[in-house]
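Peer 1: Residue strings, one per chain:
Protein chains: 2
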Amino acid sequence: MSDLSPMDLYEKLTAQGETVRSLKAQKSPKADVDAAVQLLLQMKLDYKRVTGQDYKAGCPPVDGEMLEEHGAVLEDGDDQVDPWSVSSSSAKGVDYDKLIVRFGSSKIDQELVDRIGRVTGKTPHRFLRRGIFFSHRDMHQILDAFEKQKSFYLYTGRGPSSEAMHVGHLIPFIFTKWLQDVFDVPLVIQMTDDEKYLWKDLSLDECHRYTVENARDIIACGFDVNKTFIFSDLDYMGASPAFYRNVVKVQKHVTFNQVKGIFGFTDSDCIGKISFPAIQAAPSFSSSFPQIFGERTDVQCLIPCAIDQDPYFRMTRDVAPRIGYPKPALLHSTFFPALQGAQTKMSASDANSSIFLTDSAKQIKNKINKHAFSGGKDTVEEHRKCGGNPDVDVSFMYLSFFLEDDDELEKIRQDYSSGALLTGELKKSLIETLQPMIAAHQERRRLVTDDIVQQFMSPRKLHFNH
Amino acid sequence: MSDLSPMDLYEKLTAQGETVRSLKAQKSPKADVDAAVQLLLQMKLDYKRVTGQDYKAGCPPVDGEMLEEHGAVLEDGDDQVDPWSVSSSSAKGVDYDKLIVRFGSSKIDQELVDRIGRVTGKTPHRFLRRGIFFSHRDMHQILDAFEKQKSFYLYTGRGPSSEAMHVGHLIPFIFTKWLQDVFDVPLVIQMTDDEKYLWKDLSLDECHRYTVENARDIIACGFDVNKTFIFSDLDYMGASPAFYRNVVKVQKHVTFNQVKGIFGFTDSDCIGKISFPAIQAAPSFSSSFPQIFGERTDVQCLIPCAIDQDPYFRMTRDVAPRIGYPKPALLHSTFFPALQGAQTKMSASDANSSIFLTDSAKQIKNKINKHAFSGGKDTVEEHRKCGGNPDVDVSFMYLSFFLEDDDELEKIRQDYSSGALLTGELKKSLIETLQPMIAAHQERRRLVTDDIVQQFMSPRKLHFNH
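Chains A and B supply the protein sequences, listed in that same order.
If you number the first sequence the way the UniProt record's numbering does, the last residue is 466 and the count never jumps.
If you number the second sequence the way the UniProt record's numbering does, the last residue is 466 and the count never jumps.
Everything labelled a hint here was simulated from the structure, so no lab data went into it.
Incorrect hints may appear among the rest.
[To be verified] Facing chain A, from chain B, some residues (calculated, C-beta under 7 Å):
id	residue
1	Thr19
2	Ser22
3	Ala35
4	Leu204
5	Gly238
6	Gln251
7	Asp267
8	Ser268
9	Cys270
10	Gly272
11	Cys386
Heads up, the beta-carbon is just placed ideally off N, CA and C, and yes, glycines get one too.
Produce the entire structure from the sequences given, and follow the hints as far as they go.
Peer 2: This is how it looks when you write it as structure tokens:
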């Protein structure tokens, strides 16, 4: 019956409400009224379970709403965040403090940022200093162990749904490279080409080709080939019995009810989607990579990722102790906003929704000037008088991702807020930050030969100190 | 809502029936009655879909009933046949003619048996002559192509749930070896150790060990190492990107609704079970074995198996054209009865339920004399007078599987029916048939070295003529 649509359920519930009302109006026998009411209540519970909403007479179900884990259903005004869609009604974007409460993770506070600085002896990355990586699970445990010379490894990934990657896609990789450098630990990067095949209207060969093309951009971020293994699911599953064994182990310990609750799968979803979460979970366990970790099954994993990937790893952390493995720790980033504003969705198919890694200096300039949502006022006079709003200004948001100098960023914020800095000038700062950054990326990518890609993607031993 | 139990649904339906009755009794407004009736009808449809039974007031749902594909629900007295359980209320066992109608397959009639004889130039195997392989899908198509020099390949398998294999487990392998010999075609044998891990309380290593032990017994059936590839799912998935690609292709084209309908999975089943059918489907496509078939994706597959495996291949045949592959053809066998009778279940954990491949001559003799269900009469006098019933006599059934000489078997049948042959004498025939057969198997198995197992289980090119 779960393949009844929310609308079907709504209509049945409405009909049953009518039945109850008329039974009462007619002063029908108590037993009849009770039976009808009981059915009504059960239907309301079912409705809430399926739609994540309370039934309200006259209010049909909102399309696309998803079931949340542990019955934590969405309230009006809540942001929607899951691996396939992110939406917010606020120009500032998603309310991340609310998300920490809803997901049950921990805030990355100043104390943790300072501790990372102390432990590594390096200035914490700007993504940490500015709350771009804002939430974590068990990061203190990673640091405790690291201080005792106990090693860990990094795991991140990408779903290669097209050749086109934009600057937002770099966020986890820029940060992961920094983590690899300051902790000197091995890193595995999963390219979920199987997932993209299952979710998109693409052939296996297309998904695999995007994996290789995206791997070039990832490698261009500067990862150390001696410490980094990049793998295509389609290749590695067919190359590593150890990986498949861990996939099957996870698959044995997760029910359809659970993935339905966590990911909102329905009975109409293909069985590939339903079992895929186990494939994203498996790299969280060091025994999936015997070529790197030998027989060790206890090397803990730290996963830097955008917060929308957390459902996969909540599931993974739930399963881990039941199959004898340590839970992976996590560092969560905020979302990278579209040029048009933090509440619109970036799309790889809309070239104007972000700055792509293939954009020329001229395209970067034009896109920012033409499409970047501005927090400035309508006229120069008004702007000078009242100042702009950096909190909703996309150019300022992008600068906070990419401008390294904290003082310079703070000055821009103050000047923009006061009206001393005009929108055109703010945009100029961003253009001058992104143009050389993208050009340098393109130059590094040009040097990534097929041979180098092949090296990164070959299962092999990695070199690291701990 | 599909995780409502059949009993929950039954109770709700009963309550709703009461509501309708009282609405009518009170001459409530037509709209109210109609709404309640409509709901009742929908609930009845849902009930039938979930339980496979019509709702009858006062008759709670029968536990364990399964949903059949294409709405062909079980009727009272029908046998239950699916990959995990087979049960029948008749001492003769499952009604196979009924099963052909229910599964929508074709009967192997005399014409087909004769044609196989003509095409191969060999006497059809006793399993064909005696209706032990009784049902098929597309076997004429295989023969048409074979007559035009178009090759096919054989695929069969085994779920290695324990070390102990009994004579019944040999049926598909004895027959497959004959097919390999007379058609001179390559053969792949899937050991579903991943399936056994998912379904049973066993470790991955145990399941893999059973695979290797069972492979020894299979090899001892006499397969040609140059034409036969035996593979563990746990190994081959991690050794063949081509195999995983076909698994993912199938997984993309089958929904949870479909496997729920075909296999009776529920929301409480683990996601590994739910996606497993794709893994049993994939070897039906020649592109899963590029080491054998090169780039050819169009070599048709013929699957000899017990009829309880048909649900997997109904699903496979449904998917095949949608992913550009030929449908596999099938040859279905009847079930091998337990010593205690055709309606009881054989169990690898009950040493007395069958003749095991490890039994000594003495154990064989004792088991048959002590446990084989007899169709004879209670006293010698009565037996001489009225004769025995070979149709329910397990010793006679076993002889029909293993005694090669048709005339001898027919004579035994007639003499037993007439009373000329006593139960003890019938059992003696069986003992004298099985003792040398099992001894020869044990001797051949003894010669199967680790090296030979390794050869059979290495992905490699096979030699065959077509």
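Peer 1: Have a go at the Gln251/B hint: is there a Cβ in chain A nearer than 7 Å to its own Cβ?
Peer 2: Since the shortest Cβ distance to chain A is 3 Å, the answer is holds.
Peer 1: Does Leu204/B hold up as a contact with chain A if the rule is Cβ-Cβ below 7 Å?
Peer 2: holds, 5 Å
Peer 1: Hint validation: Ser22/B versus chain A, beta carbon distance must be below 7 Å. Holds or violated?
Peer 2: holds, 4 Å
Peer 1: Should the hint that Gly272/B touches chain A count as held when the rule is a Cβ pair under 7 Å?
Peer 2: holds, 3 Å
Peer 1: Against chain A, run the beta carbon of Ala35/B and see if the smallest gap drops under 7 Å.
Peer 2: With a minimum Cβ separation of about 4 Å from chain A (threshold 7 Å), the hint on Ala35/B holds.
Peer 1: Against chain A, is Thr19/B within 7 Å by beta-carbon distance?
Peer 2: Status holds, d = 5 Å.
Peer 1: At a threshold of 7 Å, is the proposed contact between Ser268/B and chain A supported by beta-carbon distances?
Peer 2: holds, 5 Å
Peer 1: Would the hint on Asp267/B be counted as holding, given a Cβ-Cβ threshold of 7 Å to chain A?
Peer 2: holds, 5 Å
Peer 1: The hint names Gly238/B as touching chain A; please verify it with the least Cβ-Cβ distance against 7 Å.
Peer 2: holds, 3 Å
Peer 1: Return the status of the interface hint for Cys270/B: holds when the least beta-carbon distance to chain A is below 7 Å, violated otherwise.
Peer 2: Holds. Min distance 5 Å.
Peer 1: A closest beta-carbon separation below 7 Å is what the hint needs, so does Cys386/B meet it against chain A?
Peer 2: violated, 54 Å
The structure does not agree with numbered hint 11 stated previously, though it agrees with all others.
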